[in-house]
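Engineer: Residues per chain are reported as follows:
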Amino acid sequence: QKEVEQNSGPLSVPEGAIASLNCTYSDRGSQSFFWYRQYSGKSPELIMSIYSNGDKEDGRFTAQLNKASQYVSLLIRDSQPSDSATYLCAVKGTGGFKTIFGAGTRLFVKA
Amino acid sequence: GAVVSQHPSRVICKSGTSVKIECRSLDFQATTMFWYRQFPKQSLMLMATSNEGSKATYEQGVEKDKFLINHASLTLSTLTVTSAHPEDSSFYICSASPLTSSPSGMYQETQYFGPGTRLLVL
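As you go down the protein sequences, you meet chains W and B in turn. With my numbering applied, the first sequence corresponds to residues 339 to 449, in that order. With my numbering applied, the second sequence corresponds to residues 230 to 351, in that order.
Mixed in with the good hints there might be a few duds.
[What the hints assert, rightly or not] Straight-line alpha carbon distances no greater than 25 angstroms define the calculated DSS-like cross-link-like pairs of lysine-lysine that follow:
(1) B:Lys243 to B:Lys295
(2) W:Lys380 to B:Lys284
(3) W:Lys448 to W:Lys405
(4) W:Lys436 to B:Lys293
(5) W:Lys436 to B:Lys243
(6) W:Lys380 to W:Lys448
(7) W:Lys436 to B:Lys249
(8) W:Lys448 to B:Lys270
(9) W:Lys394 to W:Lys405
(10) B:Lys243 to B:Lys284
(11) B:Lys293 to B:Lys243
(12) W:Lys436 to W:Lys394
(13) B:Lys293 to B:Lys249
(14) W:Lys380 to B:Lys249
(15) W:Lys436 to B:Lys270
(16) W:Lys436 to B:Lys295
(17) W:Lys405 to W:Lys436
(18) B:Lys270 to B:Lys284
(19) B:Lys270 to B:Lys295
These aren't lab readings, by the way, just hints derived from the structure by calculation.
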């Protein structure tokens, strides 16, 4: 059983639409959750971190966390072609320093 | 803040040679750094956790004698690919976490990635 699961996609949305990216995790005791964006050929860059249940907004990005359902999501409003990338969900579990990364969801925003 | 650099960004070498990749945290100290490998169109694969002042912890299936890790200081970790072969060609990425203070003590939280090193072994 994978510890962090994401739909591999590709997820295709038109420009200006809302892109919704989802992630589930298996470690119920996890406390820290992150979304990274990775452009093709580049390394991941941090977009958002979230630690408490509910929503956290930063510009066009909103992270949503539901610990009871072991579910974390990322919403991208007013999607732009420049948002086309692979989005990695990462979860820091209980104990140790290791952060577990999902395989990523490819997002394609059509102009 | 939280900038991580890697050097070189790209390297081409002959089969059988060794290649050293440096990872530096530029504006924070990192007692722990992580080394990942990523093949084209595949996900990140954690290779090892690099600990300052002690031996690295390798993930299952990663040869410690093949991928030598040295964490010489609180801002520098190196990965040496020894006797490189074409199958070692990949994108190698390091990451580091700044220490964060809390009432219960110091801990490492968010990982910040270096720009990566693309290795091509001929």
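Engineer: Decide, hint by hint, whether the structure agrees.
Structural biologist: Going through the hints against the structure:
{"no.": "1", "hint": "B:Lys243 to B:Lys295", "result": "holds (16 angstroms)"}
{"no.": "2", "hint": "W:Lys380 to B:Lys284", "result": "violated (29 angstroms)"}
{"no.": "3", "hint": "W:Lys448 to W:Lys405", "result": "violated (33 angstroms)"}
{"no.": "4", "hint": "W:Lys436 to B:Lys293", "result": "holds (18 angstroms)"}
{"no.": "5", "hint": "W:Lys436 to B:Lys243", "result": "violated (33 angstroms)"}
{"no.": "6", "hint": "W:Lys380 to W:Lys448", "result": "holds (21 angstroms)"}
{"no.": "7", "hint": "W:Lys436 to B:Lys249", "result": "holds (24 angstroms)"}
{"no.": "8", "hint": "W:Lys448 to B:Lys270", "result": "holds (20 angstroms)"}
{"no.": "9", "hint": "W:Lys394 to W:Lys405", "result": "holds (14 angstroms)"}
{"no.": "10", "hint": "B:Lys243 to B:Lys284", "result": "violated (28 angstroms)"}
{"no.": "11", "hint": "B:Lys293 to B:Lys243", "result": "holds (21 angstroms)"}
{"no.": "12", "hint": "W:Lys436 to W:Lys394", "result": "holds (23 angstroms)"}
{"no.": "13", "hint": "B:Lys293 to B:Lys249", "result": "holds (14 angstroms)"}
{"no.": "14", "hint": "W:Lys380 to B:Lys249", "result": "holds (20 angstroms)"}
{"no.": "15", "hint": "W:Lys436 to B:Lys270", "result": "holds (23 angstroms)"}
{"no.": "16", "hint": "W:Lys436 to B:Lys295", "result": "holds (22 angstroms)"}
{"no.": "17", "hint": "W:Lys405 to W:Lys436", "result": "holds (19 angstroms)"}
{"no.": "18", "hint": "B:Lys270 to B:Lys284", "result": "violated (31 angstroms)"}
{"no.": "19", "hint": "B:Lys270 to B:Lys295", "result": "holds (24 angstroms)"}
Of the hints listed earlier, those the structure fails to meet are numbers 2, 3, 5, 10, 18, in rising order.
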